[in-house]
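One line per chain: the protein sequences are A and B, in this order.
For reference, each letter of the first sequence is one residue, going 1 to 221 in the UniProt record's numbering.
For reference, each letter of the second sequence is one residue, going 1 to 250 in the UniProt record's numbering.
I should point out that these hints are in silico values taken from the structure, not numbers from a laboratory.
Beta carbons: idealized from backbone N, C-alpha and C, even for Gly.
Worth double-checking, as some hints may not be accurate.
A few chain B residues that face chain A, going by a derived Cβ cut-off under 10 Å, partial list only [claimed, not checked]:
#1 Asp50
#2 Arg54
#3 Gly73
#4 Cys75
#5 Ala79
#6 Thr85
Computed Cβ-Cβ distance ranges for the label pairs, DEER-style [unchecked claim]:
#7 A:Leu6 <-> B:Arg195: 51 to 61 Å
#8 B:Ser188 <-> A:Leu174: 53 to 63 Å
#9 A:Leu177 <-> B:Arg9: 46 to 56 Å
#10 B:Leu38 <-> A:Asp38: 47 to 57 Å
#11 A:Leu174 <-> B:Gly202: 47 to 57 Å
#12 B:Leu175 <-> A:Ala206: 53 to 63 Å
Facing chain A, a subset of chain B residues (Cβ under 7 Å, in silico) [claimed, not checked]:
#13 Glu71
#14 Thr78
#15 Ala86
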Amino acid sequence: MASAELLLMLLADARLPVAGHTQSAGLEPALRLGLAPDEVEQYVATRLSTIARVEAATAVVARHHLRAGLSTSVVEAAWAARTPSPAMRRTSRAQGRALLRLARTLWPDDAAVATVSGVPRASRAVALGAVAAAGDLPARELARLVGYDDVQTVASAALKLLPLDPSDVAAWVLRALPAIDVMSADLAHLALAEDIPASGAPQIEAWAEAHARTTRRLFSA
Amino acid sequence: MPEPHPTRRTLRLGVCGPVGTGKSSLIALLCRELSAELEIAVVTNDIYTDEDARFLRAAGVLDPARIEAVETGACPHTAIRDDITANLIAVEDLEERFAPLDLVLIESGGDNLTATFSPALVDAQVFVLDVAGGGDVARKGGPGIERADLLVVNKTDLAPYVSVDHEQMVADASLARDGRVVIGLSRSDRASVNRLVTWVRGQLHRQRTGTLVPADPGPMARHSHSHSHDHGDDRHLTEHHDHLPLGTTS
Ligand SMILES: Nc1nc2c(ncn2[C@@H]2O[C@H](COP(=O)(O)OP(=O)(O)OP(=O)(O)O)[C@@H](O)[C@H]2O)c(=O)[nH]1
Ligand SMILES: [Mg+2]
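Build out the structure end to end from the sequences listed, making use of the hints.
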């Protein structure tokens, strides 16, 4: 078994084949519908304290449930209740499916991966819980993964959507890292679905809904 | 490789090539010609819009529900080559919803000569050029031109207007391809349409009889020595489809 650090690198790598290139973490509609280009770094911070926080907490609790042999359906339901945008739920479930497809190749005999694969339409957060259970990734690293991936998704989409110097964008990511650490420390101990924070971002959700209806888009979400 | 489909009867056929050469038109043509005898679905990889999907839906050749558009996040090459997840999911969805499908056509998005499909996504691929892009393109080569299962030189009806000798273009392409199939096509030339349809039926037959092994055109340029002598090399490239042809130079 490899170290948690190396597994984390593998899972956080944009080259992981889970269709990450199709995602902008809501940045594309945000920019189209009113977010100013100089507000993107703030957008990253907002997501970390809202949507990414719900997702990280859900992943941590799903991991716990899978390791304890408990059903994840209550976790899935808690996440869905905290994600009122149908478009965002659809996106997450498509990502969950992509991740589980990969996980079945990486951990073909793992019980957690098999269990969550058997659940129709598992969210990305719950699928990540299964991946963490399969790879023995600690809860705190799992929460870090969710936070980091969210930031990098915005950052790499920003480079496609705005005239930016890639070095400046890497600097945003570096500046966001402490907030990811704080978030993961906060969430790592969670075990109960009811403890998943309900920290939505209504404006981002409204943008996600608008994006799902447009016919001109680079990113799926 | 992704999950194997040892018993999959559906032929997954990729269609790629430069912008505007007629990929969507070729797909619409195949739907028109074959939808009476085959169950067909289509996946498009648009870059900015769902234009291709809308074109095909508007063409009225297929139930619009059988046409699925995949967003590629401005990475059209990635989506058909190094991370095929979004396309595979779209293909599998269509295959499940409309089972049993005979043929899924996948149109690539993008804009250059080097993009080819991963053999994990498609069973066979067509590369489409057109005469309006110039007579030299076929001779210049590239992985799709040289090693796609089929090369189409499209819009031969336009050849006189763009001062291209399309028969010469087909001959150049055949040379660059070591005899792999080239079809000069025009939607207004019935015989050429028949040749295309016959080729697709042939692939379908091979898929059903388990004799179609996906061949990877790969991303690499051909070796610089004369192509009339590197037949053996090219065989090597196409048969060992799950390895890049690194280190295969004799
Ligand atoms: N003259 C002539 N025009 C053709 C033929 N096939 C396609 N076209 C035209 O070529 C243009 C481009 O065709 P499309 O099928 O949209 O090409 P495409 O490769 O899908 O284009 P992109 O998806 O934008 O890369 C359209 O105006 C078609 O009508 C043909 O056989 N002859
Ligand atoms: Mg097209």
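Hint by hint, here is what the structure shows:
1. Interface hint at Asp50 of chain B: satisfied, since its Cβ lies 5 Å from the closest Cβ of chain A, which is below the 10 Å cut-off.
2. A distance limit of 10 Å between C-beta atoms decides the matter here; for Arg54 of chain B the minimum to chain A is near 7 Å, and the interface restraint holds.
3. At its closest, the beta carbon of Gly73 of chain B sits 4 Å from a beta carbon of chain A; the interface hint therefore holds under the 10 Å criterion.
4. Because the beta carbon of Cys75 of chain B sits about 4 Å from the nearest beta carbon in chain A, less than 10 Å, this interface hint is met.
5. Interface restraint check for Ala79 of chain B: the shortest CB-CB distance to chain A comes to about 7 Å, inside 10 Å, so the restraint holds.
6. Hint on Thr85 of chain B holds. Least Cβ distance to chain A is approximately 4 Å, under the 10 Å limit.
7. Between Leu6 of chain A and Arg195 of chain B, the C-beta spacing of about 53 Å keeps the proposed range 51 to 61 Å intact.
8. Here the CB-CB span from Ser188 of chain B to Leu174 of chain A is close to 59 Å, well matched to the stated 53 to 63 Å.
9. Restraint check, Leu177 of chain A to Arg9 of chain B: a C-beta distance of roughly 50 Å satisfies the suggested window 46 to 56 Å.
10. For Leu38 of chain B and Asp38 of chain A, the hinted distance range of 47 to 57 Å is satisfied, since their beta carbons lie about 53 Å from each other.
11. Checked against the hint of 47 to 57 Å, the pair Leu174 of chain A and Gly202 of chain B passes, with Cβ atoms roughly 56 Å apart.
12. Taking the beta carbon of each, Leu175 of chain B and Ala206 of chain A are about 58 Å apart, inside 53 to 63 Å as hinted.
13. The restraint placing Glu71 of chain B at the interface with chain A holds, with a minimum CB-CB distance near 4 Å, inside the 7 Å limit.
14. For Thr78 of chain B, the interface hint holds, the least distance from its beta-carbon to any beta-carbon of chain A being 5 Å, beneath 7 Å.
15. About 4 Å separates the beta-carbon of Ala86 of chain B from the nearest beta-carbon of chain A, less than 7 Å, and the hint is met.
Every hint from the earlier list agrees with this structure, and none is contradicted.
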